[in-house]
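Based on the sequences and whatever the hints tell you, model everything.
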Amino acid sequence: MSRKTDNPNRVRKRDKHPAGQPLKRPMRKWSWLFLGPVTAAFIIGFVWPFIQGIYLSMCSFKLIRDAKFIGFGNYLTALKDATFVHAFWYTALFAVVSVILINVLAFAVAYALTQGIRGSNLYRTVFFMPNLIGGIVLGYIWSMIFDGILSRYGTSILMETRFGFWGLIILMCWQQIGYMMIIYIAGLQAVPDDMIEAARIDGATKWQTLWHITIPNVMPSITICTFLSLTNGFKLFDQNLALTGGQPFIIQPDGTNIKTTEMLALNIYNTFYSSNSASKGVAQSKAVIFFILVATLGLIQLAYTRKREVQQ
Amino acid sequence: MKKTLALVLALVLCLALLAGCGSKQEPAQGSAEPAGDASNGSVYWLNFKPESDEVLQEVAKMYTEETGVPVKVVTAASGTYNQTLMSEMDKASAPTLFVIGNQDAVKEWGDYALDLTDSAIAKELNTDAYELRDADGKLCSIGYCYECYGIIVNPDLIEQAGHTMDEIKNFESLKAVVEDIHARADELGFDAFTSCDMDDSSSWRFTGHMANLEYFYEEQAAGAAWTECPESITGAYLDNYKALYDLCVTNSLTDRKDLATGGHDAENEFITGKAAFFVNGSWEYAAVSEAVPNATMIPYYCGVQGEEKAGLNCGTENYWAINSAASEADQQATMDFMVWCVTDPEASRMLVDTFGVMPYKQAAESTNGFLAAADAYTAAGNYVMDWATNYQPNVDEYRAALVSALNAYNADPTDANWESVKTAFVDGWAAQYAAVNG
Numbered sequence: 001m002s003r004k005t006d007n008p009n010r011v012r013k014r015d016k017h018p019a020g021q022p023l024k025r026p027m028r029k030w031s032w033l034f035l036g037p038v039t040a041a042f043i044i045g046f047v048w049p050f051i052q053g054i055y056l057s058m059c060s061f062k063l064i065r066d067a068k069f070i071g072f073g074n075y076l077t078a079l080k081d082a083t084f085v086h087a088f089w090y091t092a093l094f095a096v097v098s099v100i101l102i103n104v105l106a107f108a109v110a111y112a113l114t115q116g117i118r119g120s121n122l123y124r125t126v127f128f129m130p131n132l133i134g135g136i137v138l139g140y141i142w143s144m145i146f147d148g149i150l151s152r153y154g155t156s157i158l159m160e161t162r163f164g165f166w167g168l169i170i171l172m173c174w175q176q177i178g179y180m181m182i183i184y185i186a187g188l189q190a191v192p193d194d195m196i197e198a199a200r201i202d203g204a205t206k207w208q209t210l211w212h213i214t215i216p217n218v219m220p221s222i223t224i225c226t227f228l229s230l231t232n233g234f235k236l237f238d239q240n241l242a243l244t245g246g247q248p249f250i251i252q253p254d255g256t257n258i259k260t261t262e263m264l265a266l267n268i269y270n271t272f273y274s275s276n277s278a279s280k281g282v283a284q285s286k287a288v289i290f291f292i293l294v295a296t297l298g299l300i301q302l303a304y305t306r307k308r309e310v311q312q
Numbered sequence: 001m002k003k004t005l006a007l008v009l010a011l012v013l014c015l016a017l018l019a020g021c022g023s024k025q026e027p028a029q030g031s032a033e034p035a036g037d038a039s040n041g042s043v044y045w046l047n048f049k050p051e052s053d054e055v056l057q058e059v060a061k062m063y064t065e066e067t068g069v070p071v072k073v074v075t076a077a078s079g080t081y082n083q084t085l086m087s088e089m090d091k092a093s094a095p096t097l098f099v100i101g102n103q104d105a106v107k108e109w110g111d112y113a114l115d116l117t118d119s120a121i122a123k124e125l126n127t128d129a130y131e132l133r134d135a136d137g138k139l140c141s142i143g144y145c146y147e148c149y150g151i152i153v154n155p156d157l158i159e160q161a162g163h164t165m166d167e168i169k170n171f172e173s174l175k176a177v178v179e180d181i182h183a184r185a186d187e188l189g190f191d192a193f194t195s196c197d198m199d200d201s202s203s204w205r206f207t208g209h210m211a212n213l214e215y216f217y218e219e220q221a222a223g224a225a226w227t228e229c230p231e232s233i234t235g236a237y238l239d240n241y242k243a244l245y246d247l248c249v250t251n252s253l254t255d256r257k258d259l260a261t262g263g264h265d266a267e268n269e270f271i272t273g274k275a276a277f278f279v280n281g282s283w284e285y286a287a288v289s290e291a292v293p294n295a296t297m298i299p300y301y302c303g304v305q306g307e308e309k310a311g312l313n314c315g316t317e318n319y320w321a322i323n324s325a326a327s328e329a330d331q332q333a334t335m336d337f338m339v340w341c342v343t344d345p346e347a348s349r350m351l352v353d354t355f356g357v358m359p360y361k362q363a364a365e366s367t368n369g370f371l372a373a374a375d376a377y378t379a380a381g382n383y384v385m386d387w388a389t390n391y392q393p394n395v396d397e398y399r400a401a402l403v404s405a406l407n408a409y410n411a412d413p414t415d416a417n418w419e420s421v422k423t424a425f426v427d428g429w430a431a432q433y434a435a436v437n438g
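Chains as they are written, first to last, in the working numbering: chain A, 1 to 312; chain B, 1 to 438.
Watch out, some of these pointers could steer you wrong.
Claimed, not checked - Listed next, the in silico SDA-like pairs over lysine to any residue satisfying Cα-Cα at most 20 Å (straight line):
| id | chain 1 | residue 1 | chain 2 | residue 2 |
| --- | --- | --- | --- | --- |
| 1 | A | K68 | B | S87 |
| 2 | B | K257 | A | K62 |
| 3 | A | K62 | B | E108 |
| 4 | A | K62 | B | T84 |
| 5 | B | K257 | A | K68 |
| 6 | B | K138 | B | P155 |
For the record, the hints were derived by calculation from the structure and aren't laboratory data.
Shown next as structure tokens:
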């Protein structure tokens, strides 16, 4: 936009409202018109379902309209559920491993692609592309790839928990590294060249420059990337469903079973759609516990990494 | 730059809002609003057989043209009927006609079903074999078609291998033919069984249907058919299940170690003459009969004494229920539509061709060869194996555990691994029963 100030109208307007106050009044009058639809959409689409979800977690219900309030019983059942506890630890392990691997590899790729290698843009596009494929499709494609290899050894990804675990890690790395890489590249490009140059003149090695100049300067990118990969790890659903669906199970002597590769979101889904009429409320309470967990972890992580960000 | 960005964001927000307001929720195929006048009630059928969707849409259109009553048919995507039903039933315009397919579903949905005792549609039934009642005796749903399953056979290939269909009378004779074909597969150019994949699209043939032989013989040994889900089962005939299952997976086109994730097209293998035996049901007739016109179906022979007199597994999961929460006008309109479906010559012809057999007095005759085979067995005095499998408690969970155990067994067919199949089969039943009823 032009920054010229020789516009006579503009000068006159400024003269009329020197403090800018009179303009605010009509704005306030009409503010509801602008805020209203968005607020309504937010309440209808988020706040109300959220409150209803919390309420339903304390109900026994088949259809939502028939919900009957029963108190905290669902929470007790959920916490006593061995499959839920198993899914929690499995998910936690998965989240930790995937956060580390995705971020280290994404940073490494981003770092390599900001060193002025030929064809950087092509590589960036290629690395980013896996993000454009939906989770379910990805799960099926990768299950075929893994089985193509594993069948040579007379086994399959569905046969062993560790295959399922590492299979999912590989899948998620493949899908997410490109995305995180883009964020890291943006961060790396914002590191001031003069700072790097100063370090070089001072005799810092490449490693020292990376460690003491580059990384502290890309801390905001690290914050956002760890947040995204951590919450993604915890919320993972479709890839989990399509790749192993929880298999293999441990069939316990009493006939119950533990789905060894079932993560939290899939556990909630399976609980919700079991035939037991009491299970809907239990699944809902699991979902509330799940929300609190992901939100708490996310906030702790944000607070922790934010502290390490430097101001340029 | 900032202003442009703000403008773009504002536009996106407006578009999202408009899209949010304007879009109709369409959970599945064919949910467009139907034509017709809804003042005298309307019909909304939530169908669970994707393969029949096209025919049902046509039948619905015919009815609206004839009577002016709007009929909407929505088909849930394969394997998601329960999820779709649950979300649809919560809406203001809930289905008026839906499926309560087994005793487990009666427990779940019985409260939402209108009592069909002495109703116009119940009076049209020609048998009382396909009625589902709740604990109080309320008639919650009635069958609109029935099906049969067993082992589909290509008689031409059996003859090419130097055998005849008459040879196969029990497990011993079936085994002899199957093993001979498998041993000479290279020379013959075809194998005995089609692939027995254990992925979601195929495992139900073994964990649902074939498992029925165990439940059925257990039921028969106890002297009476189950009328409700038993708390536990004994697994007394599990060895027979094992015998037949082993026969299928060891004498087939695909090595048992490669079955877990599937990816083989058993139907196509059968149609193209790559295998002579195919474990499946009467709904395959339309797909199979063109390539193999004389395809027939034999019972699950599994080594049980007296099985020479066995027939096919006949039953259904296709049960109509009327939504008791629908308005009276809609309930009446739905009832009229159902009666029309089973009495109108043209409509019932179309429905019978997609469904198999409709057990109603005035419905069209079936042209399904496998159901004809089922009738032939019954006419010869053989016993019908009823669908005890419909009682499987918490069915998805129960079958999923069985699949996992069978996968481990297929990878390494040891006795120890069979033990865990046994646990999933027998103890799993009790555990899932407790989970549902506990």
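Under the criterion that the straight-line Cα-Cα distance not exceed 20 Å, is the pair K68(A), S87(B) satisfied? OK: K68(A) and S87(B) at ~18 Å, within 20 Å.
Run the distance test for K138(B) versus P155(B): straight-line Cα separation, threshold 20 Å. Measuring from Cα to Cα gives roughly 45 Å; hence the hint is violated.
Would you check the hint for K257(B) and K62(A), treating anything up to 20 Å between C-alpha atoms as holding? violated (41 Å)
Holds or violated: are the alpha carbons of K62(A) and E108(B) at most 20 Å from each other? At roughly 8 Å apart (the allowed maximum being 20 Å), E108(B) and K62(A) satisfy the hint.
Take the C-alpha atoms of K62(A) and T84(B), compute the straight-line distance between them, and say whether it is at most 20 Å. holds (13 Å)
Given the hinted pair K257(B) and K68(A), is their alpha-carbon gap at most 20 Å? Measuring from Cα to Cα gives roughly 48 Å; hence the hint is violated.
Hint check: violations occur at hints 2, 5, 6; the rest are consistent with the structure.
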